[in-house]
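Chains A and B are the protein sequences, given in the same order. My numbering numbers the first residue of the first sequence as 1 and each following residue consecutively. My numbering numbers the first residue of the second sequence as 1 and each following residue consecutively.
Please keep in mind that the hints were generated in silico from the structure rather than gathered at the bench. Treat each hint with caution, since some may be false.
To be verified - Mimicking DSS-like on lysine-lysine, the simulated pairs with C-alpha atoms at most 25 Å apart in a straight line are:
#  : chain 1 : residue 1 : chain 2 : residue 2
1  : B       : K42       : B       : K83
2  : A       : K16       : A       : K70
3  : B       : K57       : B       : K42
4  : A       : K113      : A       : K70
5  : B       : K57       : B       : K83
6  : B       : K42       : A       : K113
7  : A       : K70       : B       : K42
8  : B       : K78       : B       : K42
9  : A       : K16       : A       : K38
10 : B       : K83       : A       : K38
11 : B       : K78       : A       : K3
12 : A       : K3        : B       : K57
13 : A       : K113      : A       : K16
14 : A       : K38       : A       : K3
Chain by chain, the residues:
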Amino acid sequence: AQKVTQAQTEISVVEKEDVTLDCVYETRDTTYYLFWYKQPPSGELVFLIRRNSFDEQNEISGRYSWNFQKSTSSFNFTITASQVVDSAVYFCALSQATSGTYKYIFGTGTRLKVLA
Amino acid sequence: EPEVTQTPSHQVTQMGQEVILRCVPISNHLYFYWYRQILGQKVEFLVSFYNNEISEKSEIFDDQFSVERPDGSNFTLKIRSTKLEDSAMYFCASNRDPSYNEQFFGPGTRLTVL
Numbered sequence: 001a002q003k004v005t006q007a008q009t010e011i012s013v014v015e016k017e018d019v020t021l022d023c024v025y026e027t028r029d030t031t032y033y034l035f036w037y038k039q040p041p042s043g044e045l046v047f048l049i050r051r052n053s054f055d056e057q058n059e060i061s062g063r064y065s066w067n068f069q070k071s072t073s074s075f076n077f078t079i080t081a082s083q084v085v086d087s088a089v090y091f092c093a094l095s096q097a098t099s100g101t102y103k104y105i106f107g108t109g110t111r112l113k114v115l116a
Numbered sequence: 001e002p003e004v005t006q007t008p009s010h011q012v013t014q015m016g017q018e019v020i021l022r023c024v025p026i027s028n029h030l031y032f033y034w035y036r037q038i039l040g041q042k043v044e045f046l047v048s049f050y051n052n053e054i055s056e057k058s059e060i061f062d063d064q065f066s067v068e069r070p071d072g073s074n075f076t077l078k079i080r081s082t083k084l085e086d087s088a089m090y091f092c093a094s095n096r097d098p099s100y101n102e103q104f105f106g107p108g109t110r111l112t113v114l
């Protein structure tokens, strides 16, 4: 069965602190894709990153970085020097090649509050 | 930059009424999806559509729901007889080749059933 777990329901940090959002996934497939989306208070889903199962290289994009570890089935997201504008709900998602449709399975999300 | 659009942004309806949520996917995309997010909860897959037919649907997508691509540009979700528990944000998404790129999400339609 496929599943995405985001154990942190809500995290509060003070501006400029670093914060890591955890994502653990379950799948039997060898080919799959992992994603992070940001949902600001306005409600839309903003794409942040896509990673396929064969690419375990970590990625950095500005203040954002992602750590993909197949050995622990985790795809964690770190924001460095957080800002108030980072306040949002962050969703991790999994999509599998064998589903045929590549539908997304989302985690329950982590609400990040960055305090000034 | 091309984007997925959805109308209306907010729909209020009475229980038992039919609603149609509309989406215009990105023009050269081939795979289409509807997702639902009940307030404060996670985003859930409803249905996927490819080659003019449903390719997969979830348990949520019962006989009250239907999808259609009536022309070359629109992709609609119909709820035949709305229930209070259908109140949610509905997201449309599209993709050209899921093995190469992410789904592109629309801004969502907030459905409120009274």
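Tested hints:
no.: 1; hint: B:K42 x B:K83; result: 20 Å, holds
no.: 2; hint: A:K16 x A:K70; result: 30 Å, violated
no.: 3; hint: B:K57 x B:K42; result: 17 Å, holds
no.: 4; hint: A:K113 x A:K70; result: 29 Å, violated
no.: 5; hint: B:K57 x B:K83; result: 19 Å, holds
no.: 6; hint: B:K42 x A:K113; result: 18 Å, holds
no.: 7; hint: A:K70 x B:K42; result: 24 Å, holds
no.: 8; hint: B:K78 x B:K42; result: 21 Å, holds
no.: 9; hint: A:K16 x A:K38; result: 19 Å, holds
no.: 10; hint: B:K83 x A:K38; result: 29 Å, violated
no.: 11; hint: B:K78 x A:K3; result: 28 Å, violated
no.: 12; hint: A:K3 x B:K57; result: 17 Å, holds
no.: 13; hint: A:K113 x A:K16; result: 12 Å, holds
no.: 14; hint: A:K38 x A:K3; result: 19 Å, holds
Hint compliance for this structure: hints 2, 4, 10, 11 are broken, all remaining hints hold.
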